[in-house]
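Asks: Listed here are the chains, written in short residue letters.
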Amino acid sequence: MKKNKAMIVTFLAPALFMFIAVFLYPICRTLVMSFFKIEGITDSVSKWQFTGLDNYVKLMNTTLFRTSMWNLFRIWFLGGIIVMSLALLFAVIITSGIRGKSFFRAMIYLPNVVSAVALATMWLQYVYNNRYGLLSSVFRKLGMESLAKIQWLDSDHKFYALLFAYCFGMVGYHMLIFISGIERISEDYFEAATLDGANKLGQFRYITLPLLKGVFKTNITMWSVTSVGFFVWSQLFSTVTADNQTITPMVYMYMQIFGAGNSVTERNSGLGAAVGVLLSVCVVLIFWLCNNLLKDDDLEF
Amino acid sequence: MAKEKKVRERVNWSKELKLAPGYLILILWVLFTVVLLGWVLAASFSTTKAIFSGDIFSQGIHFENFAKAWNNSNVSTFFINSLGYSIIACTLLILICAPAAYVLSRFKFVANKAIQTGFVSAMGVPVVMIVLPLFGLVAGMDMLNHEISNRAVLIFLYVGINVPYTTIFLLTFFANISRAFEEAAAIDGCSPMKTFWLIMLPMAQPGIITVTIFNFINVWNEYFISLIFGNSDRIRPVAVGLYSMINSMKYTGDWAGMFAAVIIVFLPTFILYILLSEKIIAGVTGGGVKG
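Chains as they are written, first to last, in my numbering: chain E, 1 to 301; chain U, 1 to 291.
No wet-lab data here; the hints were simulated from the structure. One thing to keep in mind: the hints can contain errors.
[Unchecked claim] Each pair of labels, with its calculated beta carbon distance range: (1) U:N247 x E:R131: 18 to 24 Å; (2) E:S155 x U:W70: 35 to 41 Å; (3) E:K200 x U:I27: 15 to 21 Å.
[To be verified] In silico EDC-like cross-links for lysine to aspartate or glutamate, where the CA-CA straight-line distance does not exceed 16 Å: (4) E:K101 x U:E16; (5) E:K141 x U:D55; (6) E:K200 x U:E16; (7) U:K194 x U:E183; (8) E:K101 x U:E278.
Beta carbons: idealized from backbone N, C-alpha and C, even for Gly.
Produce the complete structure using the sequences and hints provided.
Replies: See the structure below:
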């Protein structure tokens, strides 16, 4: 037993050290920082000025930050609906006994392994380009000149251009989670339902969907966690430093603390910390809501 | 496999017809992906003029875009940096996480459950929540102004950020290996530590390979940390390097070169995926994510 103790300690120590250094300590410190006014990010604690909830109040009163939160909400909500419906649709089709199942599955997941910078560049420089781009040339071939002339990246269309490009890359991952959920449902249920005369749609509505509750929970949680960190796509799609259409809280924080954006009014790392805390609270809130609204303990399969 | 083949040979046309709308949707989506990637690949062999004329191959095929991008615009530096970071980080991750995962899956002790919960929660923590204190700490120690320490910082962070995921992934893997092997080893007089290195670690190889693929893709594509902590072009990895390159190429107007750079950055993970897609797909739902 004593030997085991030594082993437990030596085996755990490196991982625990990394966890404390990269997660636990920074999380606590960010939480504390959000209540202080801190001019330089490397300032020692003695130079911090306690300001209570001032940072949060200031953020809420900043139009740009409110815009960024609104954008993030739109990405999370609209994007969530698009991604979840497409992912579920593809998952149902792929598990319905089609040929080339693993080919389709692999092709749809493919964008997830590609660097976001590369993928976003492909969309920006090819799909949305209005000289030689995919959309404009397809519309031109179809004779829809008015659609071909649309500047997909002007401020009217940019947000949706960004949203759709982002969703395209995310569908595969959530589809895989849905597929694994659907495959865990026993064939017996569907057979019994078929014998009782239920059609495919009815089976989907009354068997698949209710049994996928837990999987939905996983998917929504994962979607929220990745959405909150929305940064690369936004940075690539924005042409100016503070782009109202594409700014997200993380971009705002980056501008405030690290960038020389034109909108930086004051240097205060506390504000950046408060952005982090607010986003974390959002994640926890969504997680809590999911756990309470989508209870799946009464169904076992 | 053989059984599957037999099923495939019999074409049930009425069944296939019912599935037609499903096929149509999937084929359209996949077609779009193929066109997107295919066009960018084609454009990387073209010239800027030909790209703008709408007929990509009107001026022939140009391999020199790649040579140009590789030599002139730092792609080689970024590429070698990323390769180095990924390989070192992936190795360290296994050395750090595999023992921890093993201990957590096998032994009962006070903080076991708490550590596991902590690791699982850490996977949901947004980077913004941890980046400021880390930056303050590292900048305060003056580690960002020297090339070697700056590289060390990047690797440390790549490792740290992926520790919870890697540990939890391997934990479920170890938990599924029968205890009989350790019992046999113990009877033969093998110490628990030796048992781990000589018996358990080799047995966990499939899991280690899968999680390493994921770690490699994660580190290769990592952007935010590299952007903030990478202080000069000499040490930046591909994701950040590509971004600054795209911006500069937009000014010089070298579109073909830009697409070549995109392809160079895209290729390693793509090739990995082509070779190992079954393993990767099984890994997405197999490990860390539980329904």
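Asks: Tell me if the straight-line CA distance from K141 of chain E to D55 of chain U falls inside 16 Å.
Replies: holds, 14 Å
Asks: Given the hint that K194 of chain U pairs with E183 of chain U, does the C-alpha gap stay at or below 16 Å?
Replies: Holds, at roughly 13 Å.
Asks: With 15 to 21 Å as the target window, see if K200 of chain E and I27 of chain U comply at their CB atoms.
Replies: For I27 of chain U against K200 of chain E, whose Cβ atoms are near 20 Å apart, the range 15 to 21 Å holds.
Asks: With a cut-off of 16 Å on the C-alpha distance, tell me whether K200 of chain E and E16 of chain U pass.
Replies: Status holds; Cα separation ~15 Å.
Asks: Are N247 of chain U and R131 of chain E spaced within 18 to 24 Å by their CB atoms?
Replies: holds, 19 Å
Asks: Taking only the CA atoms, is the gap from K101 of chain E to E278 of chain U under or equal to 16 Å?
Replies: The hint holds at about 12 Å.
Asks: Would you say the C-beta atoms of S155 of chain E and W70 of chain U sit inside 35 to 41 Å of each other?
Replies: Holds, since S155 of chain E and W70 of chain U (Cβ atoms, about 36 Å apart) stay within the stated range.
Asks: Sort out whether E16 of chain U lies within 16 Å of K101 of chain E, counting only the CA atoms.
Replies: At roughly 13 Å apart (the allowed maximum being 16 Å), E16 of chain U and K101 of chain E satisfy the hint.
This entry satisfies every hint, going by the numbered hints stated previously.
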